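Participant: One-letter residues, chain by chain:
Number of protein chains: 2
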Amino acid sequence: MSAGLIFRQLFESKSSTYSYLLACEVTKQAVLIDPVIETVDRDAGIVKQLGLVLKFAINTHVHADHVTGSGKLKSLIPGCQSVIAEASQAKANVRVKHGDKLQLETRSTPGHTDGCLTYVLHSHRMAFTGDALLIRGCGRTDFQQGSPERLYESVHSQIFSLPDNYQLYPAHDYTGQTVTTVAEEKKFNSRLTKTKSEFVDIMNNLNLPYPKQIDAALPANMVCGLQD
Amino acid sequence: MSAGLIFRQLFESKSSTYSYLLACEVTKQAVLIDPVIETVDRDAGIVKQLGLVLKFAINTHVHADHVTGSGKLKSLIPGCQSVIAEASQAKANVRVKHGDKLQLETRSTPGHTDGCLTYVLHSHRMAFTGDALLIRGCGRTDFQQGSPERLYESVHSQIFSLPDNYQLYPAHDYTGQTVTTVAEEKKFNSRLTKTKSEFVDIMNNLNLPYPKQIDAALPANMVCGLQD
Numbered sequence: 001m002s003a004g005l006i007f008r009q010l011f012e013s014k015s016s017t018y019s020y021l022l023a024c025e026v027t028k029q030a031v032l033i034d035p036v037i038e039t040v041d042r043d044a045g046i047v048k049q050l051g052l053v054l055k056f057a058i059n060t061h062v063h064a065d066h067v068t069g070s071g072k073l074k075s076l077i078p079g080c081q082s083v084i085a086e087a088s089q090a091k092a093n094v095r096v097k098h099g100d101k102l103q104l105e106t107r108s109t110p111g112h113t114d115g116c117l118t119y120v121l122h123s124h125r126m127a128f129t130g131d132a133l134l135i136r137g138c139g140r141t142d143f144q145q146g147s148p149e150r151l152y153e154s155v156h157s158q159i160f161s162l163p164d165n166y167q168l169y170p171a172h173d174y175t176g177q178t179v180t181t182v183a184e185e186k187k188f189n190s191r192l193t194k195t196k197s198e199f200v201d202i203m204n205n206l207n208l209p210y211p212k213q214i215d216a217a218l219p220a221n222m223v224c225g226l227q228d
Numbered sequence: 001m002s003a004g005l006i007f008r009q010l011f012e013s014k015s016s017t018y019s020y021l022l023a024c025e026v027t028k029q030a031v032l033i034d035p036v037i038e039t040v041d042r043d044a045g046i047v048k049q050l051g052l053v054l055k056f057a058i059n060t061h062v063h064a065d066h067v068t069g070s071g072k073l074k075s076l077i078p079g080c081q082s083v084i085a086e087a088s089q090a091k092a093n094v095r096v097k098h099g100d101k102l103q104l105e106t107r108s109t110p111g112h113t114d115g116c117l118t119y120v121l122h123s124h125r126m127a128f129t130g131d132a133l134l135i136r137g138c139g140r141t142d143f144q145q146g147s148p149e150r151l152y153e154s155v156h157s158q159i160f161s162l163p164d165n166y167q168l169y170p171a172h173d174y175t176g177q178t179v180t181t182v183a184e185e186k187k188f189n190s191r192l193t194k195t196k197s198e199f200v201d202i203m204n205n206l207n208l209p210y211p212k213q214i215d216a217a218l219p220a221n222m223v224c225g226l227q228d
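Chains as they are written, first to last, in the UniProt record's numbering: chain Y, 1 to 228; chain X, 1 to 228.
Take the hints with a grain of salt, since some may be wrong.
Since copy identity is lost for identical chains, a pair holds within one copy or between any two.
Unchecked claim - For lysine-lysine, the following DSSO-like pairs were computed, each having C-alpha atoms within a straight-line distance of at most 30 Å:
| hint | residue 1 | residue 2 |
| --- | --- | --- |
| 1 | 196 | 212 |
| 2 | 186 | 55 |
| 3 | 212 | 14 |
| 4 | 186 | 48 |
| 5 | 28 | 48 |
| 6 | 97 | 28 |
Calculated from the structure, these hints are not laboratory results.
If you're wondering where the values come from, they're calculated on a predicted model, not measured in any experiment.
The shape of chain Y in the complex, shown without the other chains (with noise of 0.2 Å):
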């Protein structure tokens, strides 16, 4: 991963959903972060097309929202391997926990679930934050282990810690952004910006209402989004 990268962010609408392909230009070896189910075809013809040889399809966590494509992706393409936190308690082929290296770094932080992890590809200066931290906003806290003190801490240490040139790509954005910076969010992140007790004051008085496709994601996404 040293090398050229390849680099591909792709978009699923219905649950707007950003998955991310990442290959070697040398190798040709990829890793396809938080694939969709319904995308699943597209993303298996870019990496034909590319002659990319997928590896891992990499989960930032158990997704509430959609079913993960990483099930479908092992079937279409054999020696493909599943990954997911230890802390999600979800079955994956591969189960990686804080500071583990998959060429990618792994952060863990907790708070919109307790298995989320950050992925950081340090040589290119990017880091895929799942639904820790969206451009200008952050995951939700009121389900799935979900904790505002804890996102608060996982963004600070974790995230805001990174150089403030490093971009970040999120798991989701709803405004049609695509990316933003360290520097960005330690300055504009309309939640993080605030102090830790005025963070919680916010994330508990959401009124959220309950996610649309959450008693079909999760227990789908527990297994990869497919039963073996």
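Let chain Y serve as the given structure and place chain X on it in line with the hints.
Facilitator: Same frame as chain Y, now just chain X:
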């Protein structure tokens, strides 16, 4: 623009349009390619937060599927000037033609419309192709001076002649993809890899519906999206 580039790809979901913000990290001077009237407030907010000076709101062509944001941006950001092709016959502060340089190289790529331009940023190996070339596709050629023969010649002579590793950013994508390369489109574009006569046949038999927003969009876009 030769120093570090600030680059943002921005999506408008109603018309599946991409806008592109490009700015010099040193001078902070910025251009916005293909703004959409619905997302102008978002875009002006990003320009402001990043401390940029928006010099030009640039259109790749007179769009038929959405109203351009260039007029509204001019009213929100004093000093911002609108740019479009001379061949479009639309009203704008600056009317450019093939070969002009706005720090971006201007390439005439007619066929979807007469006034279609592709903007090339050689320093960063990027080109913004408007509707002349889409990811694995191209713009339609059945209205607004459309001509499949001219589009085929434009893409082959002006876009496929760029180096293989140039990244191509289209004005639209309907599948959630964000970028492609010259090499990929030369190999995998389902229409433009055909012979010219096959391409003309395909384009003349698409039987597409009349564009939903065209009757409102065309007159508005001939005057930058706003009456002065």
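Participant: Broken hints, numbered, in rising order?
Facilitator: none
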